[in-house]
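With chain R's structure known, arrange chain F on it following the hints.
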Amino acid sequence: MNNQDQNDEDLLKRFINPERIEKAPEGFTSRTLARIRIDAQSARVKKGIFLKYRIPLISAIITAGLIIAAIIIPANETDSVGATLWKFFQSLEFSLPRINNTLLQDLNLPGWIAYAIVGILLLGLVDRTLFGIFKKENNP
Amino acid sequence: MDPKGDIYYISQVLEGKVNTFSYLVDRHKDKAFNLAFRICGNREEAEEIAQDAFLKAYRSLKYFKMKSSFATWLYRIVYNTAISLVRSRKKGLLSIEEFPADVVDFLGFNKTEDEAADDYRNSLVNFALQKISEEERGLITLYYYNDLNTEEISKITGINKSNIKVRLFRARQKMAEIIRKVETKNIFCHE
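Protein chains in written order, with the numbering used here: chain R, 1 to 140; chain F, 141 to 331.
Just so you know, the hints here were simulated from the structure itself, not pulled from any lab data. Glycine included, C-beta positions come from ideal geometry on N, C-alpha and C. One or more hints might be untrue.
Okay, the calculated beta carbon distance ranges per label pair [unchecked claim]:
#: 1; chain 1: R; residue 1: Trp86; chain 2: F; residue 2: Ser209; range: 52 to 60 Å
#: 2; chain 1: R; residue 1: Ser30; chain 2: F; residue 2: Met206; range: 39 to 47 Å
#: 3; chain 1: R; residue 1: Gly132; chain 2: F; residue 2: Ser209; range: 49 to 57 Å
#: 4; chain 1: R; residue 1: Leu51; chain 2: F; residue 2: Ser209; range: 30 to 38 Å
#: 5; chain 1: R; residue 1: Arg44; chain 2: F; residue 2: Glu188; range: 22 to 30 Å
#: 6; chain 1: R; residue 1: Tyr53; chain 2: F; residue 2: Ser209; range: 37 to 45 Å
#: 7; chain 1: F; residue 1: Ser263; chain 2: R; residue 2: Val126; range: 46 to 54 Å
#: 8; chain 1: R; residue 1: Asp10; chain 2: F; residue 2: Lys196; range: 34 to 42 Å
#: 9; chain 1: R; residue 1: Gly27; chain 2: F; residue 2: Arg310; range: 37 to 45 Å
#: 10; chain 1: F; residue 1: Arg183; chain 2: R; residue 2: Ala34; range: 38 to 46 Å
#: 11; chain 1: R; residue 1: Ala70; chain 2: F; residue 2: Asn300; range: 53 to 61 Å
#: 12; chain 1: F; residue 1: Lys325; chain 2: R; residue 2: Val126; range: 57 to 65 Å
#: 13; chain 1: F; residue 1: Ser208; chain 2: R; residue 2: Arg44; range: 24 to 32 Å
Chain R with its partners taken away, still in its complex shape (with noise of 0.2 Å):
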């Protein structure tokens, strides 16, 4: 610390009162405890009405699968669902907008890689954007 840094140390310490601090107003904490219990009734609440409305929106989600898939698999498939569900993934190139693949058309790699590759991406970025919220919930 050299002596112009000490002469401003000093003085400040002369200025600041550490002692000297800002008292929160009365009945500051009853009014945060206010909004507290608020809060905490409203997250019962919201948990609740989940909670109220589980089984029924787990049979939703089921039934929305079973039309998806009724959708998807044709009516006189005879193999298993999954083998039916690789055969469609295998097809969609015919099904979403083509990708110019000029690239790996050298390779000699299937048509579906393009679309794999998409799908890897967008699966990072909701990765990354997870991550950014839960990082966040940790350390408001």
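Just chain F now, kept in the frame of chain R:
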């Protein structure tokens, strides 16, 4: 003074006893409020910031890893909340002339000269704090009022230790310069 530590009350709150959180609020409210006030320079906003910080702390209590003290963790929330608020509002800087004269103006009914001098110094410090950046205000408050070392300040602000030293040095320099200017102005006014 309650001899039980913060960890005891934290575990009570985590067991569902919400009211126990009031012990933590009571214990830390003044320093949390002081930090918010020195950064934002306004009592109403400081109360809002401190309350928000306690609410955020309550919501995230289950994530508190106890690697640092509860106070350090809470100050970090207060610091971040206050900095975000100050950055979101633009405020014109005060000029040196706007500082209310000198110690005589702080002499009031039932006030000794020492008390008036203390009030004057405190106002001048607040005035100087409002003339430096919000980040520097936080550093000065944590260092001088909360009596924390650079390592603890680093945990709160997320700035590395060597940078804290440099920024504190600059903030101290700026504050000292402002205080000297006001003091010089007061001397000339009285001549």
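Outcome of the hint check:
For the pair R/Trp86 and F/Ser209, the beta carbons lie near 55 Å from each other, so the given range of 52 to 60 Å is met. One distance hint, 39 to 47 Å for the beta-carbon pair R/Ser30 and F/Met206, is violated here, with the actual separation near 27 Å. Checked against the hint of 49 to 57 Å, the pair R/Gly132 and F/Ser209 fails, with Cβ atoms roughly 27 Å apart. Checked against the given bound of 30 to 38 Å, the beta carbons of R/Leu51 and F/Ser209, roughly 36 Å apart, stay inside it.
Taking the beta carbon of each, R/Arg44 and F/Glu188 are about 25 Å apart, inside 22 to 30 Å as hinted. Evaluation of the 37 to 45 Å hint for R/Tyr53 and F/Ser209 yields a pass: the beta carbon distance comes to about 41 Å. For the hinted restraint 46 to 54 Å between F/Ser263 and R/Val126, the CB-CB distance of approximately 52 Å keeps it satisfied. In this structure, R/Asp10 and F/Lys196 meet the distance hint of 34 to 42 Å, their C-beta atoms being roughly 38 Å apart.
Between R/Gly27 and F/Arg310 the Cβ separation comes to about 38 Å, which falls inside the hinted range of 37 to 45 Å. At roughly 19 Å, the beta carbons of F/Arg183 and R/Ala34 sit outside the given window of 38 to 46 Å. A hinted range of 53 to 61 Å for the beta carbons of R/Ala70 and F/Asn300 is consistent with their spacing of about 58 Å. F/Lys325 and R/Val126 have their C-beta atoms about 59 Å apart, which keeps the hinted 57 to 65 Å range intact.
The supplied range of 24 to 32 Å is met by F/Ser208 and R/Arg44, whose beta-carbon atoms lie about 29 Å from each other.
Of the numbered hints given earlier, the model fails hints 2, 3, 10; all others are met.
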